[in-house]
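**Student:** Chains A and B, in that order, give the protein sequences. 228 is the number that our numbering gives to position 228 of the first sequence; each next residue is one higher, with no gaps. 858 is the number that our numbering gives to position 479 of the second sequence; each next residue is one higher, with no gaps.
The hints are simulated quantities; they were obtained by calculation from the structure and are not laboratory data. Treat the hints with caution; some may be incorrect.
Some, not all, of what chain B presents toward chain A, calculated at C-beta under 7 Å [said to hold, decoys possible]:
hint, residue
1, Leu-430
2, Tyr-538
3, Leu-590
4, Ala-785
Not everything, but these chain B residues come out facing chain A in the computed CB check (under 8 Å) [to be verified]:
hint, residue
5, Leu-513
6, Gly-515
7, Asn-517
8, Leu-624
9, Gln-637
10, Val-822
Not close to chain B: a few residues of chain A, all C-beta gaps over 12 Å, as computed [as the list claims (entries may be wrong)]:
hint, residue
11, Glu-222
12, Gly-239
13, Gly-258
14, Gln-266
Each residue gets a CB set at the ideal place from its N, CA and C atoms; glycine is no exception.
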Amino acid sequence: MTDLMNKGLQHSGLSRRTLLRAAAAALTIPAITKTTIAFAQEKLAGSGEVVVYSYGGSFTEGVRRLVYEPFTKATGIKVVDVVADLSEPQVKAMSQAGRIDWDIAYVQPQNYPAMHEAGTFVPIDYSLWDEESLAGTPARTRLKDAVAIFSVGLLLVYDERAFPKGGPQNWGDFWNIKAFPGPRGLAGADPVRNLVSALLAAGVAKKDIWPLTDDKLDRAYEKLSEIKPHITKWWTAGGEPIQLLINREYAMTNAFDGRVLAAIRQGAPIKMVWDGAYLRPNYAVVLKGGPNTANAQKLIAFLNRSQIAAGWTQGTGYPGPNTNQLDHLPADLIPLLNINPENASKSVIEDAAWLTTKRPDGKTNIDYLQERWLAWRAR
Amino acid sequence: MAGTMSSIALNGRPNPARASAAPTPWAWLLLPGSIFLVVLFVVPLVGLLLLSLGMPNWTLANFIRITDNPAYVNVLRTTLEISVSVTALAFVLGYPIAYALTTGGPTLRTFLLIAVVLPYFTSVLARTFAWVVLLGRNGVVNQILLELGWVSQPVTMLYNRFGVIIGMTHIVMPLMILPMYTVMSGIDRRLLRAARSNGASPLAAFLTIFLPLSLPGLIAGVLLVFIYCLGFYITPALMGGLSDLTITMEISAQVVDQLNWNFGSALSMVLLVAVLAILWIGSRFFPIEQLLGFSDGKAASETISRRQVGTQWLMRLGAAANVLDRSLPSLGGRSIPALASFLAVLLLLPVLIVAYLSFSASSYFVFPLPGYSLRNYEAYVSDTLWVRATFTSIRIALMAAGMATALGSMLAFGLSRGRIRGRGAMVALVLSPIIMPTVVVAVATYFLLVRVGLQGTEFGLALGHAVHAIPYVVVIVVANLRDLNPTYERAARSLGAGPLASFRTIIAPLVMPALIVASFFAFLASFDDLVYVLFLGIGKITTLPMRMWEGIRQDINPTIAAVATLQMLFAGVVIIIGALLGRQRNT
Chain A
1 MTDLMNKGLQ HSGLSRRTLL RAAAAALTIP AITKTTIAFA QEKLAGSGEV
51 VVYSYGGSFT EGVRRLVYEP FTKATGIKVV DVVADLSEPQ VKAMSQAGRI
101 DWDIAYVQPQ NYPAMHEAGT FVPIDYSLWD EESLAGTPAR TRLKDAVAIF
151 SVGLLLVYDE RAFPKGGPQN WGDFWNIKAF PGPRGLAGAD PVRNLVSALL
201 AAGVAKKDIW PLTDDKLDRA YEKLSEIKPH ITKWWTAGGE PIQLLINREY
251 AMTNAFDGRV LAAIRQGAPI KMVWDGAYLR PNYAVVLKGG PNTANAQKLI
301 AFLNRSQIAA GWTQGTGYPG PNTNQLDHLP ADLIPLLNIN PENASKSVIE
351 DAAWLTTKRP DGKTNIDYLQ ERWLAWRAR
Chain B
380 MAGTMSSIAL NGRPNPARAS AAPTPWAWLL LPGSIFLVVL FVVPLVGLLL
430 LSLGMPNWTL ANFIRITDNP AYVNVLRTTL EISVSVTALA FVLGYPIAYA
480 LTTGGPTLRT FLLIAVVLPY FTSVLARTFA WVVLLGRNGV VNQILLELGW
530 VSQPVTMLYN RFGVIIGMTH IVMPLMILPM YTVMSGIDRR LLRAARSNGA
580 SPLAAFLTIF LPLSLPGLIA GVLLVFIYCL GFYITPALMG GLSDLTITME
630 ISAQVVDQLN WNFGSALSMV LLVAVLAILW IGSRFFPIEQ LLGFSDGKAA
680 SETISRRQVG TQWLMRLGAA ANVLDRSLPS LGGRSIPALA SFLAVLLLLP
730 VLIVAYLSFS ASSYFVFPLP GYSLRNYEAY VSDTLWVRAT FTSIRIALMA
780 AGMATALGSM LAFGLSRGRI RGRGAMVALV LSPIIMPTVV VAVATYFLLV
830 RVGLQGTEFG LALGHAVHAI PYVVVIVVAN LRDLNPTYER AARSLGAGPL
880 ASFRTIIAPL VMPALIVASF FAFLASFDDL VYVLFLGIGK ITTLPMRMWE
930 GIRQDINPTI AAVATLQMLF AGVVIIIGAL LGRQRNT
C-alpha cells in the first residue's frame, strides 16, 4: 500500500490535499480494525477454520494481509486458502464425487446457473450482514445463493511511449491503424469480450450490444477479420499483455484492470482507457456440504463491510460490490478502479442471463459463441 | 542387435511357433504394472469415456458435434503438423548430439549433457521471455540482422508456426537425445573398427553399422517426442501464431473453462484413437515393436527374408557412402563434436538469458537489465511459500519416480522378454497415459482417489504422476533391453548363479544407465506437472510449477527466473558430480 501511495504521489505531483488524504486513508485502517473487533465479538465471533478458494500469487497475498488477517483477529476463525487456476472444475468434481472439501468458491456468471440448478450452493445468510454493507451493495449483485465478490474489467490499455501525442481513446481508435499505428493484442480464449469490442468499434451503442444476434455477430467478425492482420498474438495468461506492452511487442491491447493497476503502481508506462471496458462480476458461493459452512457465512458478511472491502480492493485491484468502500480508498487510486462510478458508466456490463440461455439445439449461447470463435480463429 | 540374436536363435530351433504359445516366466513381471495401470488409469478413464457417450442417456451427440464443426478437425491437423515438425527437427538436431555424447571425451560429454538437460528446468514463462529477448521484434537476432543490413524490417520469428516449433523443440531435446544416447553407448565400437579395417569409409561404416544398431534408441526418442508434443498447450499458447491452436488447448478449455467434460472426453477419445491408429499404421511400415526390442514371436522365415532384403539394402547404401565419402572434404573427425557443441550453445542461449534476467533489479522482465540485484533470490528464499512448494514438489516427484521406475522397468522386462498374446494391446495400454491429455486423466483419477480419501494428499498425487511417468520408463528401458543378450544370463545361471545373483551381477549393471535416465524422466514428469496437481491436490497442495504458473497468471514477476536459475544450477551440479564420479570409477 505504501508503494501505491508513493507512485500515486509521483504521478499526481504531490499536492497537499492528496498527501493529507493519503495519510488519512492510511490512518483509518487500524482504527477500523478496532471498531470491527468490538462489533465482531457480538456477531461474527467463532472458532475453527474456513476453507476458501483463491487464485494464488499476489492476489492471495493481498487478500490474506488486508482481509483474512483482520478477520481472524476479529473472529478467531482461521482462513485456509486452497489455490487453483479456476474454482469451477474443482467444485464440479467435488459435487459429482459427493465429497466437498472447500467452504467458499468463486464462480463466474456463465457457470452459475447450471450449478445453482444442481443445488450446489447454500443460500447466503444476509442476516449476518451490517446495515451499511447491505445498503452499499446493489441488489443485482446479491443473489439468493451467490454474492458478487469482485468485478473484473477487461479494458483497452496502451503503451504511453508508443503514443507521445496521445493514445487511443476508444475501441474505434483501436481499429484505426492509420491514426494509431502499432502492433495490437487481444485476449485469445474469450470470444465474448472481443466481439463486444468489435461491435463498439463498428459503432453499435453500448445499450444495444445485448443480445448478440447473428447479424451483430456477422458484423463483429467482419471487424475482427479486419484487425486480425495487426494482432501480434492472442494473449492467454493475465500477466502476459502487460509484459508484452513493456517489451513493445504490443502498442495497445486489452488487459484485466487489476493487472494493469498493479503494473501502473510499479511504474509501468501504461495508460487505461475506460470507454468500452467490459465488466464481469465474479460470485462467491458457499458450497453445500462443505466442512465449515457457518464460518463461511461469517467471512462473506465480514468482507463486505466497506472498510474491509476497501482493503480487498487495495490488496487485489479488483473491487467488491460495496460502493461505500469509496470513502475508505485513497483518492488517487479511485480513477483506476472499475467501481469508480465514472468508469462504470463508460463500461459494458456482461449479460450473463443471455449468455447462459439455451438455444434451440440445446447448446448455450456461450457454447455457440465459443465454437464460432474457434472456427474463425483456427482458420 | 537382440533382434539379430533372437532371430538367429529362432532359426536354430526346430519349431519356433511353440515359443510364442506359452508365456515365459518373464511375463509375470507384467502383472504389478498392469494392475497399477488398470486400477489407476483404465478404470477411471472408462468411467469418463462412458460420460462422453452421454451415460446414462446414451448418445453420439458429442462425437457428432466434433464432425459437425470443421474447426475440430483443423485443430487436430494443426496439432499433428506441429508434432511431426518438432519431432523431425528434434531428431535431426538430436542425433549428432547423441552421437557426440557417446563418442566424445568426458568434458565434452558433461558439457553436452548440461546443454541438453538444462532447458527442461527453466520455467515456461522465463523461457518464453528469453525467446522474446532473442527472437522478438526488438530482439537480439533482429538487431544483428538490421545492423548487418541483411533485412530492412524486423523479421517476425515469434508468434507464428516457427516460434512454436523452436520453443517446443528446445524443450523436447532431452527426450529425444537421452534414449538415443543410452542405446548408442551400448554399441560395440569394435564393429565399426572392423568395418573400417575392411575398407569401409567412415560414412559407410556409420551408415551400415552404427545407424542400424542405434535404431531402438532412435525409435524410442521419436516415439516419446511425438507423443509428448501432442500434450503441449502452454508453449503454443505463449509462443504460437494466431491460428496455432492445439487439440490439448481445446480439450483443456472444454474441461476447465466450459465445464463440458462429456465433450472434452469425446475429443480426447478421438485424439487417442487417431494417435494409436497412426502408431499402428507406422508399425506396418517400420517394425516399431521389433526395433524397440520386443523379442518377436513371428515365423522365423519371414524375419529372415526381411533381414536378407535389409542386408542387401545396407550393402548398397554402404557402397554408395564409400563413393560419396571419397569426394567429401575431411575435417579429421572433428566435424561431429564441433556441430554438436554449436547446437549445444544454441540450446543454452535462452537458458543463459534466463540466468541473466534473474539478476534483474526491475520488477518486470526487461532486457537489457536496468541494474543488477539479488532481489529475486531474496524474494525466493525469504518466502516460505516458495520454499515449501519446492520441498513438496521434490517429495512428490521422488515418490512418483520410485513407483514409476519400479513398475515401469518390470513392465519393460515383461514386454521385452515375456512371450504373451496381445502384446500390441499391452503396448497401447502402456503408452495411453501420455497420449491422453493430462487434464482428462486428472479428472478421471480424482474420482477414483476421492473414493478412498486420497484426494489432496501427496501420496495420491504421486500415484497420479506415476501413471503418467510409467510410459517414459517403459519405452526407455525397453529400448535398452534390446542389447541385453539373454545368453549372458543363461551363462551365469548355468554356472550356478541364482536368479537374484544373476540379476544383480549381470542385468542391473547393464541396464543401470537406462534406469537412471528413465527415473530422471519419471522424476521430471512429476516435477513439471501443472494439471494433475489441480485436481488431485484439490488446492491443498502447492507445488513449484503451480507457484510459477500463478506468477504468470497473477503477476509477471522475475522471481521465477531466479527459481528457474536455481533449478538449473542444481541440475548442472548433479550432472557434474555424476561425471566426476564416473571418471573416478574409470581411473
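**Student:** The structure should be examined with respect to each hint, and the outcome stated for every one.
**Tutor:** Structure-based check of all given hints:
1. Leu-430: violated (10 Å)
2. Tyr-538: Holds: closest Cβ of chain A sits about 4 Å from Tyr-538/B, inside 7 Å.
3. Leu-590: violated (39 Å)
4. Ala-785: The hint is violated - Ala-785/B has no Cβ within 7 Å of chain A, the shortest such distance being about 29 Å.
5. Leu-513: For Leu-513/B, the interface hint is violated, since the closest Cβ of chain A sits about 12 Å away, which is over 8 Å.
6. Gly-515: holds (6 Å)
7. Asn-517: Since the shortest Cβ distance to chain A is 6 Å, the answer is holds.
8. Leu-624: holds (5 Å)
9. Gln-637: At 7 Å from the nearest chain A Cβ, Gln-637/B passes the 8 Å test, so the hint holds.
10. Val-822: With a minimum Cβ separation of about 6 Å from chain A (threshold 8 Å), the hint on Val-822/B holds.
11. Glu-222: holds (17 Å)
12. Gly-239: violated (4 Å)
13. Gly-258: violated (9 Å)
14. Gln-266: The claim breaks: Gln-266/A does not keep its Cβ more than 12 Å from every Cβ of chain B (closest is about 5 Å).
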